[in-house]
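Peer 1: As a plain string of letters, each chain reads:
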Amino acid sequence: MSNTIPHRIYDFLKEHPPFSFISKEELLKISQKIIIIYSENNDVIFQQGEKPPSYFYVVREGAVKLFNEFKDEKILIDVCDEGDIFGIRPLISADQPYTLTAIVSEEALIYKIPAELFLEIMKVNKNVENYFTSSFTGGIRNPYSKYSKQKVFLDSQISINDNFNFSEIQTIPISSKPITCSIETSIKNAALIMKENKVGSIVIVDENQKPIGIITDRDLRNKVVAGDFCSDCKIENIMSSPVITSDSNATVADLQILMIKNNIHHICITEDGTINSRMIGMISEHDILVLHGNNPSVFIREIKRAQNSNQLNLIRISTEQLLKKYLQQEISITYITRIITEINNAINIKAIELTISELSKTGNDLPNVKWCWLALGSQGREEQLLRSDQDNALVFEDAEKSEYEKNKNYFLQLAKGVNDILKDCGFDYCPANVMASNPKWCLSLGEWNNQFENWIYTPGNKEVMYSTIFFDFQPIYGNFELSEKMADNIYQTLNNQESFLSFLAKNALENPPPLSFFRDFMVENNGEHKNEFDIKARAMMPLVDGARVLTLSARLEGINSTIKRFNKLAEIEPENKELFEQLADAYEIIIRFRTMQGLKHNNSGRYFSPDELNKMQRLMLRNCFRPIKELQQILTIRFNLKMFR
Amino acid sequence: MIFNFFKNKTSKEYPEFWKNYISLFEEKQKYKIPISQADFVIIDVESTGLDFKKDKILSIGGVKIKNNQIDVSNTFEIYLEQDEFNPDAALVHGILKKSNSEKISEQDGIIKFLKFIKNDIIVGHSIYFDISIINETIKRNGGNKLLNKSIDTINLYKRIKGEDYKIDSSVSLDTLSEEFKITKSDRHNAAGDAIITAILFMKLISKLKKRGVTDLESLLKNKRTLF
Numbered sequence: 001m002s003n004t005i006p007h008r009i010y011d012f013l014k015e016h017p018p019f020s021f022i023s024k025e026e027l028l029k030i031s032q033k034i035i036i037i038y039s040e041n042n043d044v045i046f047q048q049g050e051k052p053p054s055y056f057y058v059v060r061e062g063a064v065k066l067f068n069e070f071k072d073e074k075i076l077i078d079v080c081d082e083g084d085i086f087g088i089r090p091l092i093s094a095d096q097p098y099t100l101t102a103i104v105s106e107e108a109l110i111y112k113i114p115a116e117l118f119l120e121i122m123k124v125n126k127n128v129e130n131y132f133t134s135s136f137t138g139g140i141r142n143p144y145s146k147y148s149k150q151k152v153f154l155d156s157q158i159s160i161n162d163n164f165n166f167s168e169i170q171t172i173p174i175s176s177k178p179i180t181c182s183i184e185t186s187i188k189n190a191a192l193i194m195k196e197n198k199v200g201s202i203v204i205v206d207e208n209q210k211p212i213g214i215i216t217d218r219d220l221r222n223k224v225v226a227g228d229f230c231s232d233c234k235i236e237n238i239m240s241s242p243v244i245t246s247d248s249n250a251t252v253a254d255l256q257i258l259m260i261k262n263n264i265h266h267i268c269i270t271e272d273g274t275i276n277s278r279m280i281g282m283i284s285e286h287d288i289l290v291l292h293g294n295n296p297s298v299f300i301r302e303i304k305r306a307q308n309s310n311q312l313n314l315i316r317i318s319t320e321q322l323l324k325k326y327l328q329q330e331i332s333i334t335y336i337t338r339i340i341t342e343i344n345n346a347i348n349i350k351a352i353e354l355t356i357s358e359l360s361k362t363g364n365d366l367p368n369v370k371w372c373w374l375a376l377g378s379q380g381r382e383e384q385l386l387r388s389d390q391d392n393a394l395v396f397e398d399a400e401k402s403e404y405e406k407n408k409n410y411f412l413q414l415a416k417g418v419n420d421i422l423k424d425c426g427f428d429y430c431p432a433n434v435m436a437s438n439p440k441w442c443l444s445l446g447e448w449n450n451q452f453e454n455w456i457y458t459p460g461n462k463e464v465m466y467s468t469i470f471f472d473f474q475p476i477y478g479n480f481e482l483s484e485k486m487a488d489n490i491y492q493t494l495n496n497q498e499s500f501l502s503f504l505a506k507n508a509l510e511n512p513p514p515l516s517f518f519r520d521f522m523v524e525n526n527g528e529h530k531n532e533f534d535i536k537a538r539a540m541m542p543l544v545d546g547a548r549v550l551t552l553s554a555r556l557e558g559i560n561s562t563i564k565r566f567n568k569l570a571e572i573e574p575e576n577k578e579l580f581e582q583l584a585d586a587y588e589i590i591i592r593f594r595t596m597q598g599l600k601h602n603n604s605g606r607y608f609s610p611d612e613l614n615k616m617q618r619l620m621l622r623n624c625f626r627p628i629k630e631l632q633q634i635l636t637i638r639f640n641l642k643m644f645r
Numbered sequence: 001m002i003f004n005f006f007k008n009k010t011s012k013e014y015p016e017f018w019k020n021y022i023s024l025f026e027e028k029q030k031y032k033i034p035i036s037q038a039d040f041v042i043i044d045v046e047s048t049g050l051d052f053k054k055d056k057i058l059s060i061g062g063v064k065i066k067n068n069q070i071d072v073s074n075t076f077e078i079y080l081e082q083d084e085f086n087p088d089a090a091l092v093h094g095i096l097k098k099s100n101s102e103k104i105s106e107q108d109g110i111i112k113f114l115k116f117i118k119n120d121i122i123v124g125h126s127i128y129f130d131i132s133i134i135n136e137t138i139k140r141n142g143g144n145k146l147l148n149k150s151i152d153t154i155n156l157y158k159r160i161k162g163e164d165y166k167i168d169s170s171v172s173l174d175t176l177s178e179e180f181k182i183t184k185s186d187r188h189n190a191a192g193d194a195i196i197t198a199i200l201f202m203k204l205i206s207k208l209k210k211r212g213v214t215d216l217e218s219l220l221k222n223k224r225t226l227f
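Going down the list, the sequences are from chains A and B.
Heads up: the first sequence at position 512 corresponds to 512 in this note's numbering, and the numbers run straight through without jumps.
Heads up: the second sequence at position 147 corresponds to 147 in this note's numbering, and the numbers run straight through without jumps.
Hints may contain errors.
[Said to hold, decoys possible] Some chain B residues flagged as far from chain A (calculated, every beta-carbon gap over 10 Å):
1) E16
2) S23
3) K30
4) E106
5) N119
6) N144
7) I160
8) G162
9) D174
10) E179
11) K181
12) M202
13) K221
[Claimed, not checked] 25 Å max Cα-Cα, derived DSS-like pairs, lysine-lysine:
14) K198/A to K223/A
15) K485/A to K564/A
16) K29/A to K112/B
17) K33/A to K118/B
18) K29/A to K139/B
19) K115/B to K33/A
20) K184/B to K14/A
21) K115/B to K29/A
22) K304/A to K261/A
Bear in mind the hints are in silico, worked out from the structure with no lab data behind them.
Virtual Cβ for every residue (Gly too), placed ideally from N, Cα, C.
Between the sequences and the hints, there should be enough to build the whole structure, so can you do that?
Peer 2: Written out as structure tokens, the structure is:
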């Protein structure tokens with residue numbers, strides 16, 4: 001009979017998850033059964049240890065604080081405001097008492113929702129069930145919904161679609177029958193077979209159809225027409241061998257990365273993915289291009305062809321379009337960062353090559369010593385998505401004093417050139433001058449080792465800060481042995497000075513994450529409010545720093561990305577597996593969110609106002625903060641940090 | 001008591017629904033109870049105009065409050081068939097004579113209404129008009145004046161603001177909703193206004209509680225005479 005009031009409640013609920021996942025008809029049914037309560041400040045809605053009633057709560061107006069009471073201490077766990085759900089114990093296990101106390105902190109209108117009705121819906125509505133089991137934490141830890149985290153930061157309306165897919169993770173259809181020939185074939189005959197079949201490549205197989213080598217149009221052009229071989233020569237002379245292979249389960253993404261890494265355009269598909277089994281197909285870069293136009297390997301090729309920083313800059317700008325597309329397609333961050341890192345690294349390499357050739361034009365030739373260009377910071381961790389500041393360094397072989405001066409002089413000039421080109425490509429100079437063109441960061445191997453030992457043995461604030469930047473180094477160009485030696489030295493020094501890690505760990509606690517967002521403000525542990533949220537300092541750095549110190553402590557060499565670090569830690573510490581996986585997820589969510597913000601506002605995406613966020617985004621971010629807090633607790637205990645306070 | 005006044009009339013003169021209604025008042029009402037234990041019914045009436053003698057009720061909405069809670073499954077919303085139709089009022093309330101809302105006869109509406117409100121304390125914004133037009137309607141259908149105690153939210157507001165504070169006695173629900181930060185809705189109708197009034201009422205009694213008005217008797221005591 002009465003419709004207006006349930007409709008009003010429905011209008012409110014439908015905007016908020018998990019009610020947004022419920023059909024209108026069912027949600028109206030729930031809306032008719034709701035009890036609206038009005039509560040004043042300091043009213044206790046329920047008490048920790050109390051047996052829950054048969055309903056849970058949604059804040060309609062005002063705010064409710066959730067506390068964990070332990071002895072005489074009351075620890076603020078969360079602040080719920082408009083649209084937040086709390087007291088969901090009756091939905092999880094009705095006979096367990098509340099684990100938290102709920103107290104009204106701002107005059108509130110609260111809806112009581114009958115659990116029974118809702119449980120019926122949860123049984124049949126997977127999205128609602130997922131919401132509770134995976135993304136809502138009521139004092140208990142839960143893994144995130146793998147499914148929703150990629151969706152949540154899209155600008156478009158949150159839509160739940162069970163059959164989302166994207167080409168990058170599809171396996172590629174292998175339709176083309178591979179064109180093959182035997183090793184006895186002459187170059188001319190092979191070319192004729194290619195012409196007949198209108199293909200740009202031919203695979204040389206043995207009697208068991210195992211691939212031995214491959215010839216492409218380019219080989220014919222470079223090695224025969226313009227090269228040293230006659231067309232009657234055996235094909236063996238010009239084929240590339242061994243061939244790069246993959247199995248038929250490889251995704252487009254896998255194949256692309258394989259092509260980029262090996263600088264090739266064709267991949268043989270064999271039965272077991274190695275060269276030791278029968279060939280069943282061939283995938284060319286062209287096939288992938290047909291599958292989806294904007295292609296990262298095209299960018300890499302363009303970068304390699306670029307003649308100046310202008311061209312590089314244009315490519316990097318297009319890369320940003322690709323990045324946007326990837327984020328919109330909800331492709332996994334791991335894949336996106338791999339691709340963008342490859343592109344960034346290629347730009348670095350090109351900048352180095354351009355500068356070397358520029359210098360040699362003035363008679364300034366590359367000295368005959370081992371050297372290596374190092375990426376630091378986010379690039380070093382392989383997680384630089386937007387064009388942030390550049391952080392880099394250079395290491396070169398030790399030499400006699402006179403030689404040393406000459407070498408250092410050259411490498412400083414080289415670095416200056418590279419830093420300038422990168423600046424032209426939109427990677428700003430590092431404001432702290434952590435760049436290879438700074439004489440402090442363009443050092444010989446011996447000097448680097450001394451430097452690192454100094455930081456590790458006398459860890460003041462500055463030394464710890466440098467360590468957090470420099471220890472994430474990654475070799476980009478030159479002799480990678482040098483960087484391996486640097487890493488070895490760090491680990492050896494750590495063995496003698498384990499206490500250094502406590503300083504690193506303490507540094508990782510400098511910025512505790514907030515508890516939650518509250519209206520336009522952040523809810524800090526200390527109750528201090530800010531207008532803008534610094535997602536880098538408050539959420540990313542604690543994760544990056546925490547992952548680094550734990551990886552160093554576990555001596556996990558060669559794992560630089562924060563997500564990979566957490567995943568590896570989850571592997572080696574089964575007792576904390578769940579937490580580390582959550583941390584990897586949290587980092588992925590945050591980096592995705594920051595990148596989206598950055599692309600939207602054309603900036604670093606570092607600062608934003610919480611009122612820009614919709615409810616789901618707030619919830620996702622808030623859920624990221626919880627494991628960060630736990631990470632910091634682990635660090636405190638493991639590195640005995642209570643002493644430091 | 002008013003009750004005795006009615007009892008002197010022979011019950012034959014009244015229809016069954018009215019007898020049922022007045023029987024609820026046979027027992028002495030208790031007023032020395034905490035406000036949280038009292039039963040309130042918050043109502044709002046939409047009518048063809050503002051002359052309660054001539055105009056007719058188009059719709060009534062109502063919600064109940066006990067212990068600062070509103071049970072949505074026990075709310076009230078009716079639309080009445082009326083021959084008189086005032087286009088000006090329809091503009092305000094959006095109730096067109098031939099609208100889609102299911103309409104019932106005036107008598108059925110009154111019967112349902114009395115069953116709903118029982119002997120609760122009636123609360124409303126400018127409640128004098130609502131009660132007057134309801135009384136006229138009941139009388140037209142064989143009953144008499146309402147016996148419920150009533151509270152006007154405008155008077156509660158005046159009590160909070162103090163006697164010196166000059167208040168326009170026709171201060172609108174919209175104005176108070178804004179002052180008390182009550183979310184309005186575009187659905188401007190009787191049930192919608194009833195729930196807004198209900199929330200306003202809960203906020204007002206919470207403020208009065210802080211001034212020592214904690215039992216029903218003192219909440220009713222300062223009531224201005226309406227009849």
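Peer 1: Compare the structure with each hint and give your call.
Peer 2: Going through the hints against the structure:
{"no.": "1", "hint": "E16", "in the structure": "21 Å, holds"}
{"no.": "2", "hint": "S23", "in the structure": "24 Å, holds"}
{"no.": "3", "hint": "K30", "in the structure": "23 Å, holds"}
{"no.": "4", "hint": "E106", "in the structure": "16 Å, holds"}
{"no.": "5", "hint": "N119", "in the structure": "21 Å, holds"}
{"no.": "6", "hint": "N144", "in the structure": "26 Å, holds"}
{"no.": "7", "hint": "I160", "in the structure": "15 Å, holds"}
{"no.": "8", "hint": "G162", "in the structure": "21 Å, holds"}
{"no.": "9", "hint": "D174", "in the structure": "16 Å, holds"}
{"no.": "10", "hint": "E179", "in the structure": "13 Å, holds"}
{"no.": "11", "hint": "K181", "in the structure": "8 Å, violated"}
{"no.": "12", "hint": "M202", "in the structure": "4 Å, violated"}
{"no.": "13", "hint": "K221", "in the structure": "23 Å, holds"}
{"no.": "14", "hint": "K198/A to K223/A", "in the structure": "20 Å, holds"}
{"no.": "15", "hint": "K485/A to K564/A", "in the structure": "22 Å, holds"}
{"no.": "16", "hint": "K29/A to K112/B", "in the structure": "23 Å, holds"}
{"no.": "17", "hint": "K33/A to K118/B", "in the structure": "21 Å, holds"}
{"no.": "18", "hint": "K29/A to K139/B", "in the structure": "37 Å, violated"}
{"no.": "19", "hint": "K115/B to K33/A", "in the structure": "20 Å, holds"}
{"no.": "20", "hint": "K184/B to K14/A", "in the structure": "17 Å, holds"}
{"no.": "21", "hint": "K115/B to K29/A", "in the structure": "24 Å, holds"}
{"no.": "22", "hint": "K304/A to K261/A", "in the structure": "13 Å, holds"}
The structure is inconsistent with the numbered hints 11, 12, 18, although it conforms to all the rest.
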